[in-house]
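Student: One letter stands for each residue in the lines below.
Protein chains: 2
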Amino acid sequence: MISQQMIALRNEMKKEDVQAFIIPTSDFHDTETVADYFAARKYFSGFTGSAGVLVVLEEKAALWTDGRYFIQAENELKDSGIDLMKQGQEGVPSIEEYIVSNLTKGQNVGFDGRTISYNDALKYQSAFEYAGLNLKVNLDLVSQVWTNRPEMPHAKTFYYDEKYSGRTISQKLDMVRKEMEKEHAHTYVITKIDEVAWLYNIRACDIENVPLPMSYAMVTMDNAYLYINQSRFDEVSRQKCEEANVTVCDYNQIYEDVLKMNGPVLLDPTSCNSRIAMSLTQTKVLKMSPIILLKAIKNEVELENTKWAHIKDGVAMTKFMYWLKKNVGKMEIDEVSASKKLTSLRAEQENYIEDSFATIPAYKENAAMMHYHAKEGSCAKLTNEGLFLVDSGGHYYEGTTDITRTFVLGEATEEEKYWFTKAMRSHIRLAKANFLYGCHGYNLDILSRGPLWDCDMDYQCGTGHGVGHLSNVHESPNGFRWRIVPERNDACVLEEGMLQSNEPGVYIEGKLGVRHENEYVVVKGNKNFYGQFMHFECLTWVPFDRDGIDASLMTADEIEWFNWYQQECYNKVSFGLNEEEKAWLKEICKPL
Amino acid sequence: MISQQMIALRNEMKKEDVQAFIIPTSDFHDTETVADYFAARKYFSGFTGSAGVLVVLEEKAALWTDGRYFIQAENELKDSGIDLMKQGQEGVPSIEEYIVSNLTKGQNVGFDGRTISYNDALKYQSAFEYAGLNLKVNLDLVSQVWTNRPEMPHAKTFYYDEKYSGRTISQKLDMVRKEMEKEHAHTYVITKIDEVAWLYNIRACDIENVPLPMSYAMVTMDNAYLYINQSRFDEVSRQKCEEANVTVCDYNQIYEDVLKMNGPVLLDPTSCNSRIAMSLTQTKVLKMSPIILLKAIKNEVELENTKWAHIKDGVAMTKFMYWLKKNVGKMEIDEVSASKKLTSLRAEQENYIEDSFATIPAYKENAAMMHYHAKEGSCAKLTNEGLFLVDSGGHYYEGTTDITRTFVLGEATEEEKYWFTKAMRSHIRLAKANFLYGCHGYNLDILSRGPLWDCDMDYQCGTGHGVGHLSNVHESPNGFRWRIVPERNDACVLEEGMLQSNEPGVYIEGKLGVRHENEYVVVKGNKNFYGQFMHFECLTWVPFDRDGIDASLMTADEIEWFNWYQQECYNKVSFGLNEEEKAWLKEICKPL
Numbered sequence: 001m002i003s004q005q006m007i008a009l010r011n012e013m014k015k016e017d018v019q020a021f022i023i024p025t026s027d028f029h030d031t032e033t034v035a036d037y038f039a040a041r042k043y044f045s046g047f048t049g050s051a052g053v054l055v056v057l058e059e060k061a062a063l064w065t066d067g068r069y070f071i072q073a074e075n076e077l078k079d080s081g082i083d084l085m086k087q088g089q090e091g092v093p094s095i096e097e098y099i100v101s102n103l104t105k106g107q108n109v110g111f112d113g114r115t116i117s118y119n120d121a122l123k124y125q126s127a128f129e130y131a132g133l134n135l136k137v138n139l140d141l142v143s144q145v146w147t148n149r150p151e152m153p154h155a156k157t158f159y160y161d162e163k164y165s166g167r168t169i170s171q172k173l174d175m176v177r178k179e180m181e182k183e184h185a186h187t188y189v190i191t192k193i194d195e196v197a198w199l200y201n202i203r204a205c206d207i208e209n210v211p212l213p214m215s216y217a218m219v220t221m222d223n224a225y226l227y228i229n230q231s232r233f234d235e236v237s238r239q240k241c242e243e244a245n246v247t248v249c250d251y252n253q254i255y256e257d258v259l260k261m262n263g264p265v266l267l268d269p270t271s272c273n274s275r276i277a278m279s280l281t282q283t284k285v286l287k288m289s290p291i292i293l294l295k296a297i298k299n300e301v302e303l304e305n306t307k308w309a310h311i312k313d314g315v316a317m318t319k320f321m322y323w324l325k326k327n328v329g330k331m332e333i334d335e336v337s338a339s340k341k342l343t344s345l346r347a348e349q350e351n352y353i354e355d356s357f358a359t360i361p362a363y364k365e366n367a368a369m370m371h372y373h374a375k376e377g378s379c380a381k382l383t384n385e386g387l388f389l390v391d392s393g394g395h396y397y398e399g400t401t402d403i404t405r406t407f408v409l410g411e412a413t414e415e416e417k418y419w420f421t422k423a424m425r426s427h428i429r430l431a432k433a434n435f436l437y438g439c440h441g442y443n444l445d446i447l448s449r450g451p452l453w454d455c456d457m458d459y460q461c462g463t464g465h466g467v468g469h470l471s472n473v474h475e476s477p478n479g480f481r482w483r484i485v486p487e488r489n490d491a492c493v494l495e496e497g498m499l500q501s502n503e504p505g506v507y508i509e510g511k512l513g514v515r516h517e518n519e520y521v522v523v524k525g526n527k528n529f530y531g532q533f534m535h536f537e538c539l540t541w542v543p544f545d546r547d548g549i550d551a552s553l554m555t556a557d558e559i560e561w562f563n564w565y566q567q568e569c570y571n572k573v574s575f576g577l578n579e580e581e582k583a584w585l586k587e588i589c590k591p592l
Numbered sequence: 001m002i003s004q005q006m007i008a009l010r011n012e013m014k015k016e017d018v019q020a021f022i023i024p025t026s027d028f029h030d031t032e033t034v035a036d037y038f039a040a041r042k043y044f045s046g047f048t049g050s051a052g053v054l055v056v057l058e059e060k061a062a063l064w065t066d067g068r069y070f071i072q073a074e075n076e077l078k079d080s081g082i083d084l085m086k087q088g089q090e091g092v093p094s095i096e097e098y099i100v101s102n103l104t105k106g107q108n109v110g111f112d113g114r115t116i117s118y119n120d121a122l123k124y125q126s127a128f129e130y131a132g133l134n135l136k137v138n139l140d141l142v143s144q145v146w147t148n149r150p151e152m153p154h155a156k157t158f159y160y161d162e163k164y165s166g167r168t169i170s171q172k173l174d175m176v177r178k179e180m181e182k183e184h185a186h187t188y189v190i191t192k193i194d195e196v197a198w199l200y201n202i203r204a205c206d207i208e209n210v211p212l213p214m215s216y217a218m219v220t221m222d223n224a225y226l227y228i229n230q231s232r233f234d235e236v237s238r239q240k241c242e243e244a245n246v247t248v249c250d251y252n253q254i255y256e257d258v259l260k261m262n263g264p265v266l267l268d269p270t271s272c273n274s275r276i277a278m279s280l281t282q283t284k285v286l287k288m289s290p291i292i293l294l295k296a297i298k299n300e301v302e303l304e305n306t307k308w309a310h311i312k313d314g315v316a317m318t319k320f321m322y323w324l325k326k327n328v329g330k331m332e333i334d335e336v337s338a339s340k341k342l343t344s345l346r347a348e349q350e351n352y353i354e355d356s357f358a359t360i361p362a363y364k365e366n367a368a369m370m371h372y373h374a375k376e377g378s379c380a381k382l383t384n385e386g387l388f389l390v391d392s393g394g395h396y397y398e399g400t401t402d403i404t405r406t407f408v409l410g411e412a413t414e415e416e417k418y419w420f421t422k423a424m425r426s427h428i429r430l431a432k433a434n435f436l437y438g439c440h441g442y443n444l445d446i447l448s449r450g451p452l453w454d455c456d457m458d459y460q461c462g463t464g465h466g467v468g469h470l471s472n473v474h475e476s477p478n479g480f481r482w483r484i485v486p487e488r489n490d491a492c493v494l495e496e497g498m499l500q501s502n503e504p505g506v507y508i509e510g511k512l513g514v515r516h517e518n519e520y521v522v523v524k525g526n527k528n529f530y531g532q533f534m535h536f537e538c539l540t541w542v543p544f545d546r547d548g549i550d551a552s553l554m555t556a557d558e559i560e561w562f563n564w565y566q567q568e569c570y571n572k573v574s575f576g577l578n579e580e581e582k583a584w585l586k587e588i589c590k591p592l
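These protein sequence lines are chains A and B, in that order. Taking the working numbering, I'd label the letters of the first sequence as residues 1 to 592. Taking the working numbering, I'd label the letters of the second sequence as residues 1 to 592.
It should be emphasised that the hints constitute simulated quantities derived from the structure, not laboratory data. A portion of the hints provided could be inaccurate.
A pair holds if it fits inside one copy or across any two, identical chains being indistinguishable in the list.
Each computed DSBU-like pair below joins lysine-lysine, with the alpha-carbon atoms no more than 35 angstroms apart [claimed, not checked]:
no.	residue 1	residue 2
1	Lys-284	Lys-123
2	Lys-524	Lys-511
3	Lys-105	Lys-182
4	Lys-287	Lys-123
5	Lys-123	Lys-178
6	Lys-341	Lys-586
7	Lys-86	Lys-182
Please take these sequences and the hints and turn them into a complete structure.
Tutor: So this is what it looks like as structure tokens:
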């Protein structure tokens, strides 16, 4: 049955003379997780997955989503009149192909340019113009139809003190203007909330697990602007902005202001929303947003704080490991209750703000699903067997953490040990890497992935990602991936001070999943005739579960690293444990 | 003292009102090795190295070359009035900076556009125009001054039969036109001699070690043209061209013809000479020349032939190894006489044409110099100690080979064994690689280079390169390098049928050099849920010198590969040996 909201939307489309309307899963800032206010695709389609694009025509509609969500989308779209388009499957048309084949020359395609990046809009534009269709890029039909829409996020902001962030606003503006000079830009438009938050040292819990306020910024060689809902803006931040000569304007004011700026205007076409980009008459400098790189290279204050955040996080995780290993099989624990326990242990740590993403607790075969989501009530109960994978992290004032441990419940089988150890070797091979300055993640990825490839297997994700500092837990532009995807800004040179996760895994459908994830910072090693050597310094200090290790499958070097690491965990986190926990930790950290 | 030729050149510059003239080391086809006819930079500067750019001003002159040649250039330029510019050293100006700082606005810079690629010319153009200098891109001052210039190469061509090349001219034109369609090009200009030779199945020994004739080509959707000195063109090739409707024109005719062609015109800006590219008024499609990829993916006939060429080459190399190991210390052998012996053994093989490059025989510390050139008379004498590196290859009708072996003379020291084994492990790690389709060389390079990086060392070159089929021994676009250099067209996906060398090494200044080089072809492995796996099939069959191996430094996997490889060498090449050689080979191929 066609829903009321779809009927209402089609009425609006008719009024605007639009025969196709595109609703992506996005806010105005290209944020990875969207707030409820922006969940328009879910509102109209009924599909609740985290990724998907809805296209509504006059008589039919379709939703594109990826392999993670095929089954869920099939269920949720049943009887909705919306066809499921399985992305990446043979014969499935692209959005452009679908629209072009259903419309006739001279008809109109619309979207809200704020929710679609400039690059995507250009792609649509060229396809539709080629087919003789017109594009209406600034249609906000959603607001007109969605009557009970959730509020726009407006949590109170707070100033992210220099004792954590390490740089004043003025210092950051100086860094930014140097980059603008290099690009010969007079104005720089910043639309991503993590970039604005970094630039002005502001934070706010607008979206669950994402401590960043909805905002825009513009910087010229002489002025700087922050666009934010003023009623939510805190006094300290206001004062700090004033000191740094930052003009604070209303959130929506940017759409007018940008038109008055001097060109050339620097913007990042992969993230800048197309309403802003397409409204410009000035010369555009289309480059990766310079803040992405500045932000990724953590300064010494950020690094010191991050190290402490990881120690606290390590205490919480180690306590969790103790609790889990001691109690499984003796009390009722399921995936969700375990993850709640973990959150409560993190929350006991000083300066904890929130989890850095929704914990992924996945038992046995559930862990083979890389995007498994445990639901209260229906989730798996833990017993004294099998592997239990827990991917989690915390936001602390000192920084953001991300860690995965795979726990052996009861006694591990030979097969479990085999795969557990294989993933461990992958982790260690990358952790120990020594490489010349100039390397990208794609040069190193095979160190981790190679042992899986050697047996014609793979993990279908990156080996690692950059990590924000009280910011997005997934951060560009650094990462460990073997393929380069230019529009993802994810293949930069590994620079000193960058944070990287290292999280290879083994996933065997219907059976088990293993992942071993630590975070590392890129540091300088020796400099000699050959160049500047670089390596990784570990930030995460939680023992790997030795019950999963078959040392006979490891090289001497790997065993040495493993033993060193376990001992360091004891040295670094035992101070935060009680006597019982400490004694247990000492035992499990002893050499293999 | 300023040479007569420099004085004459400056006179010509005056006549043409040119205040700076650029003479690179290049022919009209961007060939790696230039024929004597094109050695203008050497003629004017007196510098004999293989790479360098001479810039002549009214009152001074300078020569740019790289680290390989600093000492040699200093000697050869002494008293010439030409300053040496050491490329890559701090404070050394670029060619553009040097010219801009020495000329004044309105003055003129000239070069012969046939000797400078379109990309380089554009780079010069933008720098000089920015500085208010004018560019004269079609000045052939060299011909006017160089009176006793060697002849233009004009060896008789021969048709490279389909039994070796595997495709008729018409089949190749079909392949090319499909690529032109994809790029929406109506005309395709081909200026590299290896691409023309591939397209029309012609060869000629114009340059030592490079069996390719000086020629150009153009292809349209309906016609095809070959531009070549007609008097040198053989009858079979003429007939084959006629059958395939290829119009054979005079060598220089292309410069007029290209102006009459329909656009868009496809050309490769990294190699197409700027005189052609800049004369075009048609729309240009600037892409990597499609033949580069078509040529790199060897067809089944080329592969079968190549395998046989390697077997023959393996017989010659194995005989050389026997001769060397038996006679060193007993008779007088030096680097040059050893390499002559090797050439004579190759020449005994059926269908041998010539060496595929000048053999590099490097004893002891000479092998640490990656571009060491042994000279008759002054080269090192071999004695019963140390390592002797020999990098060599052959052109046979069946294909081109490239192999390096490092031989232990006498008994290896612990240190020699250590580095010999380290380089061996690097070779094996890459040789055994299993990887998903889509990988580039930069994904795999660390498999070889990693063990060196682990001890803060490096070899300052790629780990491997593509190889031509009776063509250039170094062939784009595939290779094993960790850095991407886009203008080198050298970072493609590894496709089934590509030939790659695998040649990691260890070079310790003043002491020793080790390199272990085999050639491999990329082949398909298993295809499953994760994708298409790929690996390497070995082509080269010459035993590595087991006297250099310390098996205790190798993993069980690596030893297994080594033992398998040595046994296969025996199986494949012993048929070509006499009884004595055969018995010896059996012994040295036994398992570690």
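Student: Within a copy, between copies, both or neither: where do Lys-105 and Lys-182 come within 35 angstroms Cα-Cα?
Tutor: between (44 angstroms within a copy, 26 angstroms between copies)
Student: Between copies, within a copy, both or neither: which fits Lys-287 and Lys-123 at Cα up to 35 angstroms?
Tutor: Both ways: Lys-287 and Lys-123 sit 17 angstroms apart in one copy and 21 angstroms across, limit 35 angstroms.
Student: Within a copy, between copies, both or neither: which one fits Lys-284 and Lys-123 at a CA-CA cutoff of 35 angstroms?
Tutor: both (17 angstroms within a copy, 23 angstroms between copies)
Student: At most 35 angstroms between C-alpha atoms: does Lys-123 with Lys-178 qualify within a copy, between copies, both, or neither?
Tutor: Both. Shortest intra-copy (31 angstroms) and inter-copy (25 angstroms) distances satisfy the 35 angstroms Cα cut-off.
Student: I want to check one pair: Lys-341 and Lys-586. Are their C-alpha atoms no more than 35 angstroms apart within a copy, between two copies, both, or neither?
Tutor: So Lys-341 and Lys-586 pass the 35 angstroms test inside one copy only (23 angstroms; across, 67 angstroms).
Student: Tell me, please, which holds for Lys-524 and Lys-511 at an alpha-carbon limit of 35 angstroms: within, between, both or neither?
Tutor: between (41 angstroms within a copy, 29 angstroms between copies)
Student: For Lys-86 and Lys-182, with the copy left unspecified, which applies at a CA distance of at most 35 angstroms: within, between, both, or neither?
Tutor: Only across copies: Lys-86 and Lys-182 sit 27 angstroms apart there, 43 angstroms inside one copy, limit 35 angstroms.
This entry satisfies every hint, going by the numbered hints stated previously.
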